[in-house]
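With the hints as extra help, turn the sequences into a complete structure.
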Amino acid sequence: MITGNQLGNPESRVDFDTENYSPEFFKSIESKTNEVIARNLEQAISFKSREEALKIPELFRLKDVLPKEIPEFRIVSIGDFDVQADGGTLVQNTREIGRVKITRTENKGAKNRRLYWTIE
1 MITGNQLGNP ESRVDFDTEN YSPEFFKSIE SKTNEVIARN LEQAISFKSR
51 EEALKIPELF RLKDVLPKEI PEFRIVSIGD FDVQADGGTL VQNTREIGRV
101 KITRTENKGA KNRRLYWTIE
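Number 70 in full-length UniProt numbering belongs to position 70 of the sequence shown; there are no gaps in the numbering.
It is worth saying that the hints were derived from the structure and are not from the lab. Every value quoted in this text rests on a predicted model; they were computed, and no experiment measured them. Hints are not guaranteed to be accurate.
In silico EDC-like pairs for lysine to aspartate or glutamate, Cα to Cα no more than 16 Å straight-line [as the list claims (entries may be wrong)]: (1) Lys101 - Glu120; (2) Lys101 - Glu35; (3) Lys68 - Glu52; (4) Lys48 - Glu72; (5) Lys101 - Glu11; (6) Lys111 - Glu19; (7) Lys27 - Glu106; (8) Lys48 - Glu58; (9) Lys48 - Glu69; (10) Lys111 - Glu42; (11) Lys101 - Glu30; (12) Lys68 - Glu51; (13) Lys48 - Asp86; (14) Lys108 - Asp17.
Estimated spans, in silico, between C-beta atoms of each pair [what the hints assert, rightly or not]: (15) Glu19 - Pro71: 33 to 41 Å; (16) Phe25 - Glu72: 19 to 27 Å; (17) Asn9 - Ser77: 24 to 32 Å; (18) Arg95 - Pro71: 27 to 35 Å; (19) Glu69 - Arg99: 35 to 43 Å; (20) Lys32 - Glu69: 32 to 40 Å; (21) Asn107 - Glu51: 36 to 44 Å; (22) Asn112 - Glu72: 13 to 21 Å; (23) Met1 - Val36: 14 to 22 Å; (24) Lys101 - Glu72: 20 to 28 Å; (25) Thr3 - Gly87: 12 to 20 Å.
No residue lacks a Cβ here, since even glycine has one placed at the ideal position from N, Cα and C.
Structural data, given as structure tokens:
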């Protein structure tokens with residue numbers, strides 16, 4: 001489960017909790033991420049009312065931080081790979097992203113890991 005993230009230039013990070021920490025685990029994340037990017041998946045946007053969207057919990061990765069005053073959510077579908085509520089800037093398709101490269105990892109507690117990455 002993702003517990004936080006920060007997008008930056010040139011490096012970004014994602015925090016998550018996991019009991020399965022190993023260099024191989026993080027290498028597999030990098031490999032699988034780049035496989036999805038290479039699929040050239042198109043993005044599609046739709047909208048749902050707050051009431052309708054909250055009935056679909058998998059749309060929200062960080063549900064605890066949803067502002068109460070948002071009446072409608074933008075829903076982003078990434079090909080057949082993922083669907084979620086999103087308010088950020090988007091690419092038209094995944095090929096525009098480039099390759100993800102994991103630059104380092106940190107142990108942030110018993111089950112918390114921080115993964116740093118960049119785009120090549």
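Status of the hints after comparison with the structure:
no.: 1; hint: Lys101 - Glu120; in the structure: holds (7 Å)
no.: 2; hint: Lys101 - Glu35; in the structure: holds (12 Å)
no.: 3; hint: Lys68 - Glu52; in the structure: holds (14 Å)
no.: 4; hint: Lys48 - Glu72; in the structure: holds (6 Å)
no.: 5; hint: Lys101 - Glu11; in the structure: holds (10 Å)
no.: 6; hint: Lys111 - Glu19; in the structure: holds (5 Å)
no.: 7; hint: Lys27 - Glu106; in the structure: holds (14 Å)
no.: 8; hint: Lys48 - Glu58; in the structure: holds (14 Å)
no.: 9; hint: Lys48 - Glu69; in the structure: holds (14 Å)
no.: 10; hint: Lys111 - Glu42; in the structure: violated (34 Å)
no.: 11; hint: Lys101 - Glu30; in the structure: holds (6 Å)
no.: 12; hint: Lys68 - Glu51; in the structure: holds (11 Å)
no.: 13; hint: Lys48 - Asp86; in the structure: holds (12 Å)
no.: 14; hint: Lys108 - Asp17; in the structure: holds (9 Å)
no.: 15; hint: Glu19 - Pro71: 33 to 41 Å; in the structure: holds (38 Å)
no.: 16; hint: Phe25 - Glu72: 19 to 27 Å; in the structure: violated (37 Å)
no.: 17; hint: Asn9 - Ser77: 24 to 32 Å; in the structure: holds (26 Å)
no.: 18; hint: Arg95 - Pro71: 27 to 35 Å; in the structure: holds (34 Å)
no.: 19; hint: Glu69 - Arg99: 35 to 43 Å; in the structure: holds (38 Å)
no.: 20; hint: Lys32 - Glu69: 32 to 40 Å; in the structure: holds (36 Å)
no.: 21; hint: Asn107 - Glu51: 36 to 44 Å; in the structure: holds (40 Å)
no.: 22; hint: Asn112 - Glu72: 13 to 21 Å; in the structure: violated (33 Å)
no.: 23; hint: Met1 - Val36: 14 to 22 Å; in the structure: holds (19 Å)
no.: 24; hint: Lys101 - Glu72: 20 to 28 Å; in the structure: violated (36 Å)
no.: 25; hint: Thr3 - Gly87: 12 to 20 Å; in the structure: holds (19 Å)
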